[in-house]
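Using the sequences plus the hints, can you model the full thing?
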Amino acid sequence: MLLQVSAGWGRIARWTLMAAAIISYPHFAPQFWVVNIGAYAIVLGIITLSLTFLAAYGGMVSLAQMTVAGVAGYTLAILSSHAANVGSAILPWPWALAIALGSGTLAGILIGLVSVRTKGISLLMITLAIGMIFFYLTQQNTTLFHGFDGFRGVKAPIVFGMSLREPIVFYYLCMGVGIALYAAVSYMVRTPFGIALQGIRDNPRRLAALGYWVELHQVAAFGVAGFVAAVGGVLSLWYHGGISPGSVGITAMVNILIVAVIGGLGQPRGALIGALLFVLIQNFAIDLFIRERFNTVIGLTFLVIVLFSPDGLIGIWERLRRNRKRGLRSAPNGATN
Amino acid sequence: MMPALCIIGLTKYFGALCAVNDVSIDLLPGERRAILGPNGAGKTTLFNLIAGDFLPTHGSIHLFGEDIGKMPPHHRTRLGVSRTYQNSLLFKGLSVLENLFLSVRGVKPHRLSLLVPRSADPHLARAREWARQVGLAHKIDARVSELSHGEQRQLEVGMALAGGPRLLLLDEPAAGLSQAERPILTKMLRELPRTITILLIEHDMDVALQWAECVTVMHNGAAVFEGTPKEAASSPTIHALYLGDHDRNTRSSDSRT
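In order, the protein sequences belong to chains A and B.
Residues in the first sequence are numbered from -17 upward in steps of one, following this note's numbering.
Residues in the second sequence are numbered from 14 upward in steps of one, following this note's numbering.
Calculated from the structure, these hints are not laboratory results.
As the structure is a computational prediction, the values presented were derived from the model and not from experiment.
Watch out, some of these pointers could steer you wrong.
Said to hold, decoys possible - Quick list of simulated restraints, FRET-style, between CB atoms:
#: 1; chain 1: A; residue 1: Gly102; chain 2: B; residue 2: Asp134; range: 33 to 43 Å
#: 2; chain 1: B; residue 1: Asp80; chain 2: A; residue 2: Ile161; range: 48 to 58 Å
#: 3; chain 1: A; residue 1: Arg304; chain 2: B; residue 2: Pro122; range: 39 to 49 Å
#: 4; chain 1: A; residue 1: Arg304; chain 2: B; residue 2: Asp154; range: 11 to 21 Å
#: 5; chain 1: A; residue 1: Ile161; chain 2: B; residue 2: His216; range: 34 to 44 Å
#: 6; chain 1: A; residue 1: Arg308; chain 2: B; residue 2: Gly189; range: 31 to 41 Å
#: 7; chain 1: A; residue 1: Asn265; chain 2: B; residue 2: Gly189; range: 51 to 61 Å
By construction, the Cβ of each residue, glycine as well, lies at the ideal position given by its N, Cα and C atoms.
Okay, structure coming up:
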């Protein structure tokens, strides 16, 4: 009993410490570490979270989550004011934001409708094809998507006199949104919808035999993932101050899958862990090795993870923790309960 | 009286193979019917047709007078058709309680609900009750992948019952159970209320003939015998089938699940 109480306090202490670290981080860390590492890792983590949600709970691995993020990003760019001043400020920003998130969600639903009857490799190929279609559309269409150049100088909205892209504001925004989405996903998987989704992952045929419309649940899951990716796409637009076909190209699409696998496809928090490592490698591979060796380093990291821990960094961490627990239990003087 | 299940001229071809050939069965409400027959006789395919996994090539299926022959599986389930599988089809990554909760919820509205059930949720309570009834109360929070084979079979039957079916299709529920585990299951089958009409596929003749009120024997996709267990026990057709005088060419492409 006493042990339990102290464990409870330990948990509260841990959470308080973590919250304090998250809140105080931008006040002592240099701006580069706050925005280019911290905030950007969260943005990438949010887009990856949409894939991890689909994969971990729905058993569906899609390559098109970056495409969904791109749909939202492009929509907002088209509807926002920017330097080129083409199609500038068509709508007040809250409306533009709502439409962007809506279009991303809709894109997710449409992708779900197209690909829901496939799984595994076929699902991967279909979503890859959809992503490529969108990539070439953005690259070749100049009237709406501005072709190869895309959009530059897109400004984040100004709220209470502060630009959301101010480093510290942007960091807190990303952190707040990231935590909210993570909490929402963690909540959703415990609802009847979420449990049914996991039923589909384990055995779609049985779920249908229990009275569930399997495809409806799958499409709904794609819609939820679409919304999450759309949020990431909007933050990414503000972070980069623009969007171009490169943001939705094959490298960007595959990167999301790599981030998810590095972190661990089985659990939502793997998305953020993977994103953090990915962004660190992206920024420091250049310093540690010869320039332009980023892809070699990320490729090797990917290989090592896939070979030694199919469930990603999260898997490694959990194994270490289990081993430590077992170690404690088998220690001669270890506490017994 | 309106039959609980009325099958007329049901036929299913897989390419040139006739897996179910012109089968007609009438089940009265509350009836216990056993389906016997060698491997590849088309028993499981018949179940798949009734549950809606495949659409029949010809023939009709009526449930309490309602034509269900062309409905998708989940519609039939909502109307009260429920089944177990020869090889347990369970949600291995979920707990026993979650598996049963999905079964209870499957035939209810608001399947897409985004509210986490409270601990006093009536559906959750029903799921707990079913866990107790199939003897898994002590394993309620265990993951299904951690259950023994016997426990998985118990859960398999519990899941088929939890939705409150009117027609229950049991596909070899005792498959792979040890002699010690069998009585739990047979006792449970015996105690099922008469509001449920049951169709049972069973290889163990003793179990099937003791339990059933009527027996249908299938061979090469066709129903070759129908009668009481007593008649079945003395039927030359069945003796021939089981002792092997009859054409023993069982199909190569067994349509089991």
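Comparing the hints with the structure gives:
1. Gly102(A) <-> Asp134(B): 33 to 43 Å: holds, 35 Å
2. Asp80(B) <-> Ile161(A): 48 to 58 Å: This hint holds: roughly 52 Å between Cβ atoms.
3. Arg304(A) <-> Pro122(B): 39 to 49 Å: holds, 42 Å
4. Arg304(A) <-> Asp154(B): 11 to 21 Å: holds, 19 Å
5. Ile161(A) <-> His216(B): 34 to 44 Å: Check failed, 56 Å falls outside 34 to 44 Å.
6. Arg308(A) <-> Gly189(B): 31 to 41 Å: holds, 33 Å
7. Asn265(A) <-> Gly189(B): 51 to 61 Å: 56 Å Cβ-Cβ, so the 51 to 61 Å window holds.
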